[in-house]
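Asks: Read off the chains here:
There are 2 protein chains.
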Amino acid sequence: MVRPPSFRFALPSPATEPAYRAFVDRLPYCSPDIERFAPDVAGRAFVDVWLRPGGDGAAVEARLAELYAAIARGAFRVPTEVWVDRRDRAAPPSRPVLDDLIARRWLVPFDAGRVALQGPALALYDYFDEQFEAIAAEFGAARAAFPTLISIETLERAEYLQSFPHHITLAPPLRGDSAAIDAFRRSVAGGGSRLASAAEPDHVLSPTVCIHCYEAVRGRRLAPGELVCATAIGNCFRHERDRLDCAARLWDFHMREIIFIGDRDRVARARADSVDRVTRWLDELGMRYWIETATDPFFIDRFAPQAYFQLANKTKFELLVDDPGGDRPLALGSFNVHHDFFGSAFGLSLAGGEPADTGCTAFGVERFVYAFATQHGLDPARWPEPVCAFVASRNLSCL
Amino acid sequence: MVRPPSFRFALPSPATEPAYRAFVDRLPYCSPDIERFAPDVAGRAFVDVWLRPGGDGAAVEARLAELYAAIARGAFRVPTEVWVDRRDRAAPPSRPVLDDLIARRWLVPFDAGRVALQGPALALYDYFDEQFEAIAAEFGAARAAFPTLISIETLERAEYLQSFPHHITLAPPLRGDSAAIDAFRRSVAGGGSRLASAAEPDHVLSPTVCIHCYEAVRGRRLAPGELVCATAIGNCFRHERDRLDCAARLWDFHMREIIFIGDRDRVARARADSVDRVTRWLDELGMRYWIETATDPFFIDRFAPQAYFQLANKTKFELLVDDPGGDRPLALGSFNVHHDFFGSAFGLSLAGGEPADTGCTAFGVERFVYAFATQHGLDPARWPEPVCAFVASRNLSCL
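Residue numbers (the working numbering), protein chains in the order written: chain A, 1 to 399; chain B, 1001 to 1399.
Check the hints yourself; a few may be wrong.
[Stated by the list, open to error] Just the calculated beta-carbon pair ranges, DEER-fashion:
hint, chain 1, residue 1, chain 2, residue 2, range
1, A, A65, B, D1202, 26 to 36 Å
2, A, A65, B, S1344, 49 to 59 Å
3, B, F1341, A, D88, 50 to 60 Å
4, A, R36, B, G1054, 45 to 55 Å
5, A, D56, B, A1196, 19 to 29 Å
6, A, D111, B, A1223, 56 to 66 Å
7, A, G347, B, A1196, 29 to 39 Å
8, B, A1058, A, E153, 48 to 58 Å
9, B, S1344, A, A42, 36 to 46 Å
10, A, P5, B, E1156, 30 to 40 Å
11, B, D1273, A, D85, 49 to 59 Å
12, B, P1324, A, G286, 52 to 62 Å
13, B, P1324, A, R36, 50 to 60 Å
[Unchecked claim] So the derived list for chain B, only partly shown, Cβ under 8 Å to chain A, looks like this:
hint, residue
14, T1016
15, A1019
16, T1169
17, L1174
18, F1184
19, S1193
20, P1201
No wet-lab data here; the hints were simulated from the structure.
Backbone N, C-alpha and C define an ideal beta-carbon position, used for all residues, glycine too.
Could you put the whole structure together from the sequences, leaning on the hints where they help?
Replies: So, in structure tokens, the structure goes:
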């Protein structure tokens, strides 16, 4: 028996696609009383909400109205713009693949947002990252390996935690005394608070890669005409609450970035070149995708002005695909310029002393694997030739 | 001006080397009142202890006496045994390299236990992991990529948290309501408890790789004569308190493991073969090292019986090198058999239904890089030929 929703939250008028997406993205963070919700994908005119037992419906409705008002308050007057459109590729239609990936044990689901990859799925992961590295090498990028933990101080310097606190995972070690350690053991064996044994954390799990890079070169003054370029793959963590799954929305995932530091023209050109380079490669692979201007999912009250800035200045281009397993487009990567935002925060300057600009091109590695499988299927022999050849060179056995 | 120690804790009689090491390993966890301590490396007869202001010296002394008694109570009646000894290799003496690594920016220290690698140090990291994978391939190992987060339930099933709670890092996401998220933002900007906004964690940062593997094949019954073999590299986390550094004792590091599941003979043979294979390779590289029976650093009260079991049954062999930057040998890896401990815990069985045995061979990737540099120096042109050739094929530029 299906329980009817606790209430239907109606929007003042049907929302634009990006505004509706922004609303639905932030909705789960509005109240712990929300158990689940169902969007109106076709009409974008309402959301059905189920409350947890004892939930305060009036308070939740007020919070949703406040959120939608913040989003509507001018954030989306600038329309998104499509830069590259390959939605017309002739290819079999995308199809959901998660169940098949699991049945073949290419993907082993542990719990929401945590999976193991093996066999051809891991070979695809390696193929994609090798290609990302090859693209980075064409920019002469220095190779770096950064930690997974990042200090709260560094993220705060980048104003990251003020803008995107909602998906953060803290990393507190246990307190160093044996009383706390014993209490932790008891809490694990018999219930009770585990947090009570934790030290106040100075670190969180890194939600992104490029901020490590700015920290690593903090205070650097560039030579005249210099464009610093680096690449790294990083283990990243974003906790998307009830939206976590075992396919496209992982809590624990990997991102490959190519990072640029230099003057505005050079950074802009590097971004444009990386769009061209990625486009050529994906076209060779026969992928269906598009690239459009986008906004980051800033947390509620920071949202309106920053989103406006991003769209108006075309600072973020997103690489998107249709997701046959989800109800909206899936971002595989992005091409970003940050103007002198990080340069000022981390004391990076041009030869003349002005703050340097930065930019980064980012790829969600597991999402490339997933999207490729939805478009090209699960028979490696039918994959495009370069992928097929790479995968055939690996040990594909599965546990 | 050097402050004299608060007190000298004298042992009843000079300790054996392993007992003294076990004592000094656990000492930092005895009390938060301990600010620092200085071991008696030469005589192993005492430890000098500095207390924090207001620290309770009598309580700390009592705790230390208790700890040493637990260790002495029979844990070390079985002498360690050296299986392979290559401490006689003709080579220049090992020398401390951390300052040089930092000066060349091959290693960028962020804070205690967190570093970035780049240039030739990252190329060495890649070389070592490629070699580990090649060794795993000779065993026909399936390749897997596991998450970095591990559930407390899984670790508890493996009894890990009862034995090694002391170095655990928790991974609590923030609570999902906007009040908690706003409080977190305020705590970051203005001080206050960050933990107050955290949800009770169901996951921690994985301290090891192989337990993911047992979870991935939980409940598996093997075919007659089957030896399951898998390999994975994992990001691992062990918070060693004041002993964290930027060289050999990282909080955030990587481990490559080769995991075996089968009957006792096959697992024992696989371990012996992996010792032989690693020995041949390290000999080709002209490394100075030795392999001896060892015990895991179990937390205080679990220590005595398990350590005795490990030594008596030769379940753990450790690959050790001298560390010119530290005061005791450094473990680069280990070769372990676990009898049916994990097989019973995760329902892994042989064809006849009895619990399967497991074993694993583990390599600390960053430690191989560090130890190699202490023995072979920092001039890639003078590195052994296969290393030199591999490194020369990479982009070695540094940020």
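Asks: State for each hint whether it applies.
Replies: Results for each hint:
Here the CB-CB span from A:A65 to B:D1202 is close to 33 Å, well matched to the stated 26 to 36 Å. One distance hint, 49 to 59 Å for the beta-carbon pair A:A65 and B:S1344, holds here, with the actual separation near 56 Å. The supplied range of 50 to 60 Å is met by B:F1341 and A:D88, whose beta-carbon atoms lie about 57 Å from each other. The supplied range of 45 to 55 Å is met by A:R36 and B:G1054, whose beta-carbon atoms lie about 51 Å from each other.
Distance hint for A:D56 and B:A1196: a CB-CB separation of about 22 Å, consistent with the stated range 19 to 29 Å. Taking 56 to 66 Å as the suggested C-beta distance range, the pair A:D111 and B:A1223 does not conform, at roughly 29 Å. Between A:G347 and B:A1196 the CB atoms are about 32 Å apart, so this pair conforms to the stated range of 29 to 39 Å. Distance hint check for B:A1058 and A:E153: the Cβ-Cβ separation is about 37 Å, which falls outside the suggested range of 48 to 58 Å.
Here the CB-CB span from B:S1344 to A:A42 is close to 53 Å, at odds with the stated 36 to 46 Å. The hint said 30 to 40 Å for the Cβ distance between A:P5 and B:E1156, and at roughly 37 Å that hint holds. Hint check: B:D1273 to A:D85, Cβ distance near 55 Å, so the stated range 49 to 59 Å holds. Between B:P1324 and A:G286 the C-beta distance comes to about 55 Å, which sits within the given range of 52 to 62 Å.
For the pair B:P1324 and A:R36, the supplied restraint of 50 to 60 Å holds, since their beta-carbon distance comes to about 58 Å. A least Cβ separation of about 24 Å between B:T1016 and chain A goes past the 8 Å threshold, and the interface hint is therefore violated. Below 8 Å, beta-carbon pairs count as interface contacts, and B:A1019 has none with chain A, the closest being about 19 Å; its hint is therefore violated. Hint on B:T1169 holds. Least Cβ distance to chain A is approximately 5 Å, under the 8 Å limit.
A distance limit of 8 Å between C-beta atoms decides the matter here; for B:L1174 the minimum to chain A is near 5 Å, and the interface restraint holds. The interface hint given for B:F1184 holds, since its Cβ lies 5 Å from the closest Cβ of chain A, which is under the 8 Å cut-off. Look at B:S1193: its Cβ gets to within about 6 Å of chain A, closer than 8 Å, so that hint holds up. With a cut of 8 Å, the hint placing B:P1201 at the interface with chain A holds, because the nearest CB-to-CB distance is about 6 Å.
In terms of the numbered hints stated before, the structure departs from hints 6, 8, 9, 14, 15, listed from lowest to highest.
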